[in-house]
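Visitor: Residue strings, one per chain:
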Amino acid sequence: MKKLLWIKDSKEFWKVFGEERENRRAKLKRLPFAKKIEIVEKMKRMNVMRQPH
Amino acid sequence: MIDALKILDQLKRNGLIRDYAIGGGYGVNYYLEPILTYDLDIFLLINTDEEFHALYDYFRKARYKIENVYIVIAEMPVQFLPSTIHPLIDEAVRKAKKIRVKGIHTKVLTAEYLIATLLMAFRPKDKMVIPHLLELADMKKLTSMIERFSNEKTPLDKRLQRILEGIR
Chain F
642 MKKLLWIKDS KEFWKVFGEE RENRRAKLKR LPFAKKIEIV EKMKRMNVMR
692 QPH
Chain R
826 MIDALKILDQ LKRNGLIRDY AIGGGYGVNY YLEPILTYDL DIFLLINTDE
876 EFHALYDYFR KARYKIENVY IVIAEMPVQF LPSTIHPLID EAVRKAKKIR
926 VKGIHTKVLT AEYLIATLLM AFRPKDKMVI PHLLELADMK KLTSMIERFS
976 NEKTPLDKRL QRILEGIR
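In order, the protein sequences belong to chains F and R. Read left to right, the first sequence gives residues 642 to 694 (our numbering). Read left to right, the second sequence gives residues 826 to 993 (our numbering).
Treat the hints loosely; a few may be bogus.
Stated by the list, open to error - Covered stretches of chain R (in silico footprint by chain F; criterion: 3 or more residues with CB under 8 Å from a CB of chain F, positions within the stretch not fixed): (1) 851 to 863; (2) 921 to 929.
Unchecked claim - Simulated pairs of lysine to any residue, SDA-like, Cα-Cα distance not exceeding 20 Å: (3) K952(R) <-> R984(R); (4) K685(F) <-> P956(R); (5) K922(R) <-> F674(F); (6) K831(R) <-> K890(R); (7) K676(F) <-> E900(R); (8) K670(F) <-> I924(R); (9) K683(F) <-> V903(R); (10) K922(R) <-> I842(R); (11) K670(F) <-> P956(R); (12) K676(F) <-> I860(R); (13) K950(R) <-> K831(R); (14) K676(F) <-> D866(R).
Worth flagging that the hints you see were computed from the coordinates, not collected in a lab. Given the structure is predicted, the values throughout are model-derived calculations rather than measurements. All C-beta atoms in this analysis are idealised placements derived from N, C-alpha and C, irrespective of residue type, glycine included.
The shape of chain F in the complex, shown without the other chains (with noise of 0.2 Å):
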């Protein structure tokens, strides 16, 4: 994400962005099930501090 910071060029951002979203998502989709729970159990907790009461 750091390299994102220092690219002044817009489409050379763009590219870069979509590579590291894609190697973002491969390696959570790697992550064992029951890491994966855990991750959406910190989603959830997370969502129902966001809302209002």
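Got chain F sorted already, so can you dock chain R onto it with the hints?
Guide: Frame of chain F, contents of chain R only:
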């Protein structure tokens, strides 16, 4: 979620549940990157409606919270989808992949059957994940299964075609 799986495993050991497999959002999470999912879809192998009612009776007597279509198990809203709804579910549970999560033995629908169940529901969120699951699916297996279970009411073949056309 883990606690809900522990209880489901116990119910299977006690014989109250013959067999089951994880599908829906958590099924998708098994194969793809994690997405926010609030409920747990459990596909159940069940022969009769009476068997299904017996399960609900058990939950009622054991004072589990029942909210709409969900039974709240260890704080997780669980929706049970019995095989009496559609023959595809029967086959999907029987052929589901055996997995172990934190020491708990369970099953998850294979990518092909998961896609088929998502094609049955065919909501916008299902349409969004199917293309990603297709990358992992055995297309020969999927198309032959879709052909067998397609009918006028649930035209799985036409729905799959629409998704494939969108990818191209």
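Visitor: Which of the numbered hints are not met once you compare them with the structure shown?
Guide: 4, 13
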